[in-house]
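J.: Sequence:
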Amino acid sequence: MKKVIVYTLQKCNHSKNLKEWLKENGVDFEERDVSESKTHLEELVEYGVNKTPFSVIKSENNYIKVTGFDKETFEKELLK
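In the working numbering, the protein residues as written are 1 to 80.
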């Protein structure tokens, strides 16, 4: 089972669209809103990223980082 962590920003339309897509496709995910938590913002910076949405898809052996709402990558990694 893959674990999906999504870093979002409240007023970001791309974050909203990604969350809606994940819900519509039955994908469980953990949302980390960087506007509500300094810790989540620091985690995002540690990944070397400065925009949202940013997602980490973790499996047993590895993880994939996705910047933005790259629908093709999400379909490939989560709907196969």
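Mixed in with the good hints there might be a few duds.
As the list claims (entries may be wrong) - In silico DSSO-like pairs for lysine-lysine, Cα to Cα no more than 30 Å straight-line:
| # | residue 1 | residue 2 |
| --- | --- | --- |
| 1 | Lys80 | Lys38 |
| 2 | Lys58 | Lys16 |
| 3 | Lys16 | Lys65 |
Unchecked claim - Pair by pair, the computed Cβ-Cβ distance ranges are:
| # | residue 1 | residue 2 | range |
| --- | --- | --- | --- |
| 4 | Ser59 | Lys11 | 20 to 26 Å |
| 5 | Glu60 | His14 | 17 to 23 Å |
| 6 | Val45 | Lys11 | 16 to 22 Å |
| 7 | Lys71 | Thr39 | 14 to 20 Å |
| 8 | Glu42 | Lys80 | 18 to 24 Å |
| 9 | Met1 | Glu24 | 26 to 32 Å |
| 10 | Asp28 | Asp70 | 28 to 34 Å |
| 11 | Glu60 | Asn13 | 32 to 38 Å |
| 12 | Leu79 | Asn50 | 25 to 31 Å |
| 13 | Ser37 | Asn61 | 17 to 23 Å |
| 14 | Lys38 | Glu60 | 29 to 35 Å |
| 15 | Asn50 | Lys80 | 27 to 33 Å |
Don't read these hints as lab results, they were simulated from the structure.
C-beta atoms are modelled at their ideal positions from N, C-alpha and C, and glycine is treated no differently.
J.: Look at each hint and say if it fits the structure.
T.: Hint check:
no.	hint	result
1	Lys80 with Lys38	34 Å, violated
2	Lys58 with Lys16	21 Å, holds
3	Lys16 with Lys65	18 Å, holds
4	Ser59 with Lys11: 20 to 26 Å	31 Å, violated
5	Glu60 with His14: 17 to 23 Å	29 Å, violated
6	Val45 with Lys11: 16 to 22 Å	19 Å, holds
7	Lys71 with Thr39: 14 to 20 Å	29 Å, violated
8	Glu42 with Lys80: 18 to 24 Å	32 Å, violated
9	Met1 with Glu24: 26 to 32 Å	19 Å, violated
10	Asp28 with Asp70: 28 to 34 Å	19 Å, violated
11	Glu60 with Asn13: 32 to 38 Å	33 Å, holds
12	Leu79 with Asn50: 25 to 31 Å	28 Å, holds
13	Ser37 with Asn61: 17 to 23 Å	29 Å, violated
14	Lys38 with Glu60: 29 to 35 Å	30 Å, holds
15	Asn50 with Lys80: 27 to 33 Å	30 Å, holds
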